[in-house]
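Visitor: Below, each chain spelled out in residue letters.
There are 4 protein chains.
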Amino acid sequence: MHISDQGIYYGDYLQLDKILSAQDLESEKAGRPAHDEMLFIVTHQAYELWFRQIIHEIESILSLFEQPVIPDNSPDFYTIFHRLSRVKTILQLLVKQIDVMETMTPLDFLDFRNLLRPASGFQSVQFKIVEAALGLKQPDRHGELYYISQLRPQDAAVIQRIEGRRSLLELTNEWLERMPFFREEAFWGQYAPIFPPADGAPHPFWSDYYQLYEQSLQANERGNLRQFERFFLADDDKQGKLSFEARRNALFIMLYRDFPLLHLPFQYLSLLLDMDELMSTWRFRHINMVNRIIGLRTGTGGSTGKDYLKAALDRHYIFNEIAGLTTFLIERSNLPVLPVDVQRRLGFAAG
Amino acid sequence: MHISDQGIYYGDYLQLDKILSAQDLESEKAGRPAHDEMLFIVTHQAYELWFRQIIHEIESILSLFEQPVIPDNSPDFYTIFHRLSRVKTILQLLVKQIDVMETMTPLDFLDFRNLLRPASGFQSVQFKIVEAALGLKQPDRHGELYYISQLRPQDAAVIQRIEGRRSLLELTNEWLERMPFFREEAFWGQYAPIFPPADGAPHPFWSDYYQLYEQSLQANERGNLRQFERFFLADDDKQGKLSFEARRNALFIMLYRDFPLLHLPFQYLSLLLDMDELMSTWRFRHINMVNRIIGLRTGTGGSTGKDYLKAALDRHYIFNEIAGLTTFLIERSNLPVLPVDVQRRLGFAAG
Amino acid sequence: MHISDQGIYYGDYLQLDKILSAQDLESEKAGRPAHDEMLFIVTHQAYELWFRQIIHEIESILSLFEQPVIPDNSPDFYTIFHRLSRVKTILQLLVKQIDVMETMTPLDFLDFRNLLRPASGFQSVQFKIVEAALGLKQPDRHGELYYISQLRPQDAAVIQRIEGRRSLLELTNEWLERMPFFREEAFWGQYAPIFPPADGAPHPFWSDYYQLYEQSLQANERGNLRQFERFFLADDDKQGKLSFEARRNALFIMLYRDFPLLHLPFQYLSLLLDMDELMSTWRFRHINMVNRIIGLRTGTGGSTGKDYLKAALDRHYIFNEIAGLTTFLIERSNLPVLPVDVQRRLGFAAG
Amino acid sequence: MHISDQGIYYGDYLQLDKILSAQDLESEKAGRPAHDEMLFIVTHQAYELWFRQIIHEIESILSLFEQPVIPDNSPDFYTIFHRLSRVKTILQLLVKQIDVMETMTPLDFLDFRNLLRPASGFQSVQFKIVEAALGLKQPDRHGELYYISQLRPQDAAVIQRIEGRRSLLELTNEWLERMPFFREEAFWGQYAPIFPPADGAPHPFWSDYYQLYEQSLQANERGNLRQFERFFLADDDKQGKLSFEARRNALFIMLYRDFPLLHLPFQYLSLLLDMDELMSTWRFRHINMVNRIIGLRTGTGGSTGKDYLKAALDRHYIFNEIAGLTTFLIERSNLPVLPVDVQRRLGFAAG
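Chains as they are written, first to last, in the numbering used here: chain A, 498 to 848; chain B, 498 to 848; chain C, 498 to 848; chain D, 498 to 848.
Hints listed in this document are in silico derivations from the structure and should not be mistaken for laboratory results.
Model, not experiment: these values are computed from the prediction.
The beta-carbon is built from N, C-alpha and C at its ideal position, and this holds for glycine as well.
Mixed in with the good hints, there may be bad ones.
To be verified - Examples of chain A residues lying across from chain C (beta carbon under 10 Å, computed):
hint, residue
1, ILE505
2, ILE516
3, GLU525
4, ASP573
5, PHE574
6, HIS579
7, GLN594
8, PHE692
9, ASP838
10, ARG841
11, GLY844
12, ALA846
As the list claims (entries may be wrong) - Taking lysine-lysine pairs in the DSSO-like style, the calculated list, with each CA pair at most 30 Å apart, reads:
hint, chain 1, residue 1, chain 2, residue 2
13, D, LYS585, B, LYS515
14, C, LYS807, A, LYS807
15, A, LYS585, B, LYS593
16, B, LYS515, A, LYS807
17, A, LYS585, B, LYS585
18, B, LYS738, A, LYS807
19, A, LYS807, B, LYS807
20, A, LYS526, C, LYS515
21, C, LYS515, A, LYS585
22, D, LYS515, D, LYS526
23, D, LYS515, B, LYS515
Start from the sequences and build out the full structure, keeping to the hints where you can.
Guide: Below, the structure is given as C-alpha cells:
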C-alpha cells in the first residue's frame with residue numbers, strides 16, 4: 498500500500514484544494530489578463546490568513562482575561578503573554594510583507610485597478626475585528642460611521658458585536674484594577690514616608706512620589722506636574738481609557754518591575770506598546786505605499802485613500818495612555834523603598 | 498616569523514584602537530555607572546559610521562552627476578544606480594537598528610539621561626549633511642534656523658556649505674532636463690497624433706496624453722485635470738522642486754520604462770522614492786521610540802523631541818514631487834505609440 | 498442602494514469564504530483541541546499561497562525564455578528580471594516567516610503532533626515544483642526516488658512533468674549560449690592581443706585572459722589554473738550544468754557588466770545567486786527550527802527530518818556553477834580592451 | 498553664550514573625532530583609490546562596535562552568574578534575561594548587516610583585495626572572545642591551534658584568558674545544578690508514583706517519566722530510549738557539556754515551565770538556543786557571501802575561507818545539548834502531577 502493512502506496527507510490536511518483555487522483574476526474574466534493581479538490577490542489573502550491567526554490568539558487571550566480572577570500561580574497570565582508575543586511576531590511579518598506588495602509598479606497596477614471598484618482593503622472585516630478586539634471603538638475611528646456604509650450589513654454587524662464586547666484594552670484595565678497594591682490599608686501600614694505627607698494626599702506613597710517627581714523635572718517641564726495631579730492624585734479623571742486605579746497600578750508595575758511578581762506584567766505592558774508601534778508602522782508604510790502606487794488618485798473604494806489612512810494613523814493608537822505613563826517615571830535610585838511585607842508579597846514563595 | 502608580523506593586521510587596518518576606545522560613559526565619570534549607557538553610545542556610533550558610508554556614496558554620486566553630460570554608454574549612470582542601491586540597503590539596516598535601541602527601557606535610560614544634557618541627536622552633523630546632500634534646504638526644514646543655534650558654528654557652517662551646493666535633487670532635475678525627448682522637433686516629426694490637437698497645446702504628444710488622461714479619470718477625480726494642466730502643459734509652474742521640463746521627462750520615463758534606454762532611469766527614480774520612504778520610516782519609528790522612552794518629557798536637547806520629529810516627518814520628504822507623478826499615469830495599453838525613430842533611439846545599437 | 502451591493506466586494510473578490518474556512522484542526526476532531534495547531538495550519542497555508550505566487554512568476558519567466566529569441570529591444574528580458582526580483586523579495590519574506598513558526602514551543606507541538614502522521618512538509622508539491630522549475634532534477638535530489646513514495650501518484654506525476662520540461666537553469670544556459678560574443682569572427686577581427694597567442698588557444702581573447710588570470714593568482718592558488726583550462730579553453734567539459742559556451746558568456750557578462758547591454762544580464766545572474774542563497778538560508782533556518790522543536794525525534798513523515806534537510810541543504814544549490822565563476826575574475830584595471838566595434842554593439846543606439 | 502559651548506556636545510560625547518577618522522584606505526595609500534574599500538572598512542568597524550556591546554552585556558551576565566547564589570527574589574536573573582535578550586536583538590541585526598556587505602560585487606572587491614593580505618576577519622579578537630565567553634573551548638574549535646598562529650601573541654593571550662574563565666555555558670550548568678528540584682528528599686516525599694518503580698531507579702519521578710517516555714515513542718524511535726537512560730538515569734555521562742544534574746533540571750524546567758518560578762528560566766534556556774541559531778545563521782550567510790564574492794580563491798588570510806567557515810558552522814554550536822533535550826519531552830497532558838508542596842514552592846508568595 499502506498500504511504501500516502503493511509504493517515505493524513507499534507508495537501509488534504511491544509512485543504513490546499515480550497516486555498517490554491519481561490520485566485521480568480523478579474524482581468525482574466527475581462528479578457529485582458531494582468532499578470533500582477535495574482536500578486537494583488539495572493540498578498541491580500543496572506544494578510545487575511547494572518548489576521549485569522551491573530552484573531553485566534555486574541556480570542557483566546559480575551560477568554561482568559563474574562564475570568565473573574567487570574568490566580569497568580571495559574572499558567573494563564575503566562576499563556577496570555579506568550580500568545581500576545583506571537584501576535585507581535587506576526588505583526589512584524591506583516592510590516593515586512595509590504596515589501597512584496599511594493600514590487601508592483603504603478604503602471605502594472607493600472608492594468609487591473611479599475612476592474613476592482615468599489616472593492617477596497619477598507620472592507621477587510623477581519624482587520625476591523627482585530628482593531629475592535631484590541632480596543633478601538635467606533636466613535637474613536639476616523640470616519641466613524643463611514644466604514645459601515647462600505648460593508649454589507651452582516652459584516653458591519655460582526656464588527657459592532659466585537660465593539661460591544663470587552664476589548665483587550667478594557668480587560669487589561671480591569672486586570673490592572675484588580676491588583677491590590679493601593680487598596681489594602683494593611684498592605685501599606687508599614688510604609689515609611691520620606692516627606693511629611695501633603696494635605697489631602699490619598700496615600701503617603703503618592704505624596705512622596707509626587708515630591709520626588711517634582712524634584713526630577715527640568716525647569717521647562719513644570720507643566721507635567723498638573724498632569725501628574727490629574728492622573729495620580731485627583732481621582733476625577735473620567736475621560737481616559739484607563740481608570741484612576743488602573744493607571745496607578747500600571748505605573749507601579751513600571752517602577753517596581755524588578756520584583757518577580759511584576760516581571761511578566763511589565764513585559765505584558767511593553768508588549769501592548771509594541772502592538773501599537775507595529776500596527777502604526779504598518780499603517781505608516783501602507784500610506785507610503787498607497788501614495789506611491791496610486792498617487793493622488795482615489796482608491797478603488799472611492800475614498801482618497803491616503804487621507805483616510807493618515808487620519809487613522811494619528812487616531813488609532815489604542816494603548817497610548819499606557820505609553821504616556823513613561824512621562825511620570827523617576828530614577829530607580831530615588832524610588833521609595835517598599836515595606837518589607839509588600840516586598841515579600843511581590844516575590845516567590847521559595848525566595 | 499609570526500604571520501601577524503608581516504603585512505596588514507586586521508585590528509590595525511580597522512584602527513580598532515580608536516574605534517574600541519571611544520566609549521567613555523558619563524555615568525562612570527559621575528561615579529554612578531549606568532549599564533545601558535554603553536548601548537546608547539555604541540548605537541549612536543554605529544549610526545554615525547553608517548552615515549559616514551552614506552555620505553561617501555552620495556558624494557561620489559554627486560560628483561558623477563556634476564559632469565556636464567553623462568554619456569549614455571559610459572558606466573557612470575550604472576555606477577550611480579548601484580551606489581544608490583547600496584544606500585537603500587544601508588537605510589534598511591538603520592531602520593532595523595531601532596530594534597536594538599528599543600531594548601533600553603525608560604527606567605534604564607533615566608539612570609543617565611540627565612547627564613547628557615544638552616547633547617541631542619539633533620546635533621548629528623552627518624545626518625543633516627545627508628539630508629542636505631539629498632536636497633533638503635534650510636527654509637524647508639522644520640524649525641529652519643533653530644538647528645543652527647544647537648550646533649557649534651563650524652558644524653553649522655559645514656551643513657550650510659552642503660546646502661549651498663547642488664543636491665541630488667537638483668542634479669537629478671538637471672539630468673532629467675538634459676534628456677532630449679521633447680526638445681528636438683526632428684525627434685517628434687513622425688509622431689502620429691491620436692486626436693486633433695487642442696488649441697495651444699505645446700506638443701501633439703501632450704495634447705493626446707491630456708485627452709487620454711481625461712478619459713481615464715473617475716467622476717470624482719476631475720480635479721486632477723487642473724493639476725495636469727499646470728504640471729505638464731502650462732510651463733509656468735515656478736514653485737516646484739522639479740522644473741517643467743524635468744517633470745515631463747520623468748513622467749515619460751515612468752510611462753515608457755520598457756525601452757532599454759529607460760530601464761535604469763526608471764529604476765533610479767524608484768530608488769529615490771525608496772530613499773524617501775526609508776528615511777520617513779526611520780523618522781516614524783524614531784518618533785515612536787522617543788515617545789515610548791521619554792514620554793512627554795523634554796529631550797536632552799531641551800526640545801519637546803516628539804513634536805519636532807513629527808513636523809520633520811511631514812515636511813522632510815525630498816522626492817515627493819517625483820512620487821506625485823504617479824497621479825498622472827494611464828494604462829499601458831492606451832499609451833501613444835512612439836515614432837519608430839524615437840523607439841530606435843531608446844534601444845540598443847545591436848537590437 | 499448600499500455601496501456593497503454593487504460591483505466587487507473585497508471578501509468575494511478574495512474568496513475569503515474558502516480561505517478562512519480551510520482550517521480544520523485534527524486536535525479538535527480528536528476531542529483535544531490544541532491551541533497551536535491553528536498556527537501550524539495557517540503558517541503552512543501562507544507558505545503555500547506564496548509558493549503559488551512564486552510558481553506564477555516562474556511560469557511566466559519560463560514562457561518568456563522559451564521564445565527562440567529574446568530581441569534586445571523587447572521589454573521581455575526586463576520583465577523577466579523584474580519578476581525574478583519579486584521572487585527574491587518573496588523568498589526574503591519566507592525566511593522571515595520562520596520567526597512566526599518558532600513561537601511554537603516543543604511542548605505545544607507535542608499536543609497535536611502525533612495526530613498528523615504521516616503527513617509532512619516533505620509532501621509539499623508546490624515546493625518541489627519550484628525546485629524543479631528552477632532546475633533541480635530528480636537524480637540531483639537527495640533521496641532521489643524517496644520523495645515519490647511519499648506522494649500520491651498524481652502529485653508525483655506533476656513534479657515529474659515539470660522536471661521533464663526545460664528549467665530556468667537550462668533556459669538560462671540556452672540564453673547565455675545564444676549570445677554572439679565569441680561566435681562571430683567579424684566581431685573579433687579587430688581585437689588587439691596583449692600577449693602572443695598561446696598554441697592552440699581557441700581565441701586570442703581567451704589566450705590573453707588565461708595569462709592575465711595566471712598573473713593574478715597567489716602562489717597557493719595555482720591549482721585554479723587547471724580548472725580554468727577545463728572550463729574556458731578545453732571545450733570538453735560535458736558534466737557541468739552550464740555548457741562551454743554559456744560559461745564563457747556568463748564570465749564575459751560579469752567582466753564587462755559596465756556596458757549598457759550587459760547591465761540587466763549581470764543583474765539577472767546576480768539574482769540567480771540571490772535565489773540560491775535565500776533558498777539555502779531558508780533550508781538552513783528550517784533545519785535549526787526542526788532540530789529545536791522535535792530534537793532527534795522522527796518527523797511526522799517518518800524520516801529523521803534533520804538529516805534529510807541537511808543533505809538537501811548541501812546538494813540542492815541550483816546555480817552554484819554561476820556562483821563559481823567568481824573564481825576566475827581578474828581586476829577590472831587589467832581587463833583586455835574590447836574592439837571599438839564590440840564596444841559599440843554593447844551600447845545604446847543613441848549613445 | 499552659544500548653547501553648544503556649555504555642557505555636553507553630541508559629537509564630543511560620541512568621540513566622533515576618533516570614530517570618523519578611523520577609515521584609511523589601503524587603496525588610497527597605494528595610489529589606486531577603490532571606492533568600495535570604504536564599505537569594507539565601515540562594515541567591519543560596525544561589526545566590531547557591536548561585538549564590543551555584546552561583550553559588555555555578556556561580561557555583566559557572567560558577573561551576575563558568578564555569585565555563589567542568585568536569590569530567587571533578587572532582580573539579578575531578570576537582569577540576566579533582559580541583557581541576553583538584547584544580545585539576541587543585536588545578533589539579528591548582525592545577520593541583516595550581511596545584506597550591506599553583499600552590495601559589494603566580486604569585481605569591486607578585486608580592486609583592493611590583494612592589498613589587505615594577510616589580514617582576515619579570522620583575526621577578529623572580539624569575535625573569538627564572544628565565542629569563548631559563551632563557551633567555545635579551544636579544543637572544540639575547528640582548526641584548534643591554527644587561529645593562534647594568525648594572531649599576535651598578546652591577542653591570542655586575551656582569548657586564552659577568556660577560555661580559561663568560566664563561560665556562560667559553564668555558569669549556566671552550575672546555575673542549573675544549584676536548583677534543588679531533585680536533591681531534597683523532603684521535596685519529593687509526597688510524590689505519588691504512577692507506575693511501580695523500576696529496579697534501581699534513582700527516583701520515582703524519573704522511573705515514571707522513563708515509562709511515560711517509552712510509551713510516547715514511535716516504533717522507529719526506540720533507540721532514543723538508550724539515550725534517555727544514559728542522560729537521565731545512569732549518572733555516568735561524563736563527556737557532555739551539561740552535568741547529569743544540570744541536564745535533569747533543564748528538562749524539568751522545559752516540562753514544568755508553566756509554574757511561575759520557571760517562567761524566566763524557561764525563557765532563558767530558549768534564549769540560549771536563539772543565540773546558537775543566530776550565530777550559526779550568521780556563519781551560514783557569511784559562508785554564502787564569501788563563496789559568492791571570492792569563489793574558490795583563497796581568503797586574504799591565506800586559508801580557503803569557505804572550508805574553515807563550513808567546519809566551524811557544524812562544530813561551533815555551544816548550547817546544542819540544551820537544544821537536544823527536546824528529544825525527551827512528552828505530552829503535557831501526560832506529565833506526572835507534582836506534589837502540592839513542590840507546586841507551592843514553584844509559585845508566588847501571594848498566589
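Visitor: Checking hints one by one. Is ASP838/A an interface residue toward chain C, by the C-beta closer than 10 Å rule?
Guide: violated, 36 Å
Visitor: Starting from LYS515/C, check that the Cα of LYS585/A is at most 30 Å away, please.
Guide: Holds, because 26 Å separates the two Cα atoms, which is no more than 30 Å.
Visitor: With a cut-off of 10 Å on the beta carbons, see whether ILE516/A makes it to chain C.
Guide: holds, 5 Å
Visitor: Using Cβ atoms only, decide whether GLU525/A comes closer than 10 Å to chain C, and label the hint accordingly.
Guide: Check failed: Cβ of GLU525/A comes no nearer than 12 Å to chain C, outside 10 Å.
Visitor: For the hint on ILE505/A, just tell me whether its beta-carbon gets within less than 10 Å of chain C.
Guide: With a minimum Cβ separation of about 4 Å from chain C (threshold 10 Å), the hint on ILE505/A holds.
Visitor: Holds or violated: LYS585/A and LYS585/B, Cα atoms, limit 30 Å.
Guide: holds, 26 Å
Visitor: Are GLN594/A and chain C close enough, Cβ to Cβ, to be under 10 Å, as the hint says?
Guide: For GLN594/A, the interface hint holds, since the closest Cβ of chain C sits about 6 Å away, which is under 10 Å.
Visitor: Straight-line Cα separation of LYS807/A and LYS807/B no greater than 30 Å?
Guide: Roughly 13 Å between the alpha carbons, so the hint for LYS807/A and LYS807/B holds.
Visitor: Please verify that hint: GLY844/A, Cβ, nearest Cβ of chain C, below 10 Å or not.
Guide: Since chain C brings no Cβ nearer than about 26 Å to GLY844/A, farther than 10 Å, the hint is violated.
Visitor: Between LYS526/A and LYS515/C, does the CA-CA distance stay at or below 30 Å?
Guide: holds, 20 Å
Visitor: Given PHE574/A as an interface hint, is the shortest Cβ-Cβ distance to chain C below 10 Å?
Guide: Given a least distance of 15 Å, the restraint on PHE574/A is violated.
Visitor: Would the pair LYS585/A and LYS593/B pass a check requiring their Cα atoms to be no farther apart than 30 Å?
Guide: Roughly 15 Å separates the two Cα atoms, so the pair holds.
This entry does not satisfy hints 3, 4, 5, 8, 9, 10, 11, 12, 14, 16, going by the numbered hints stated previously.
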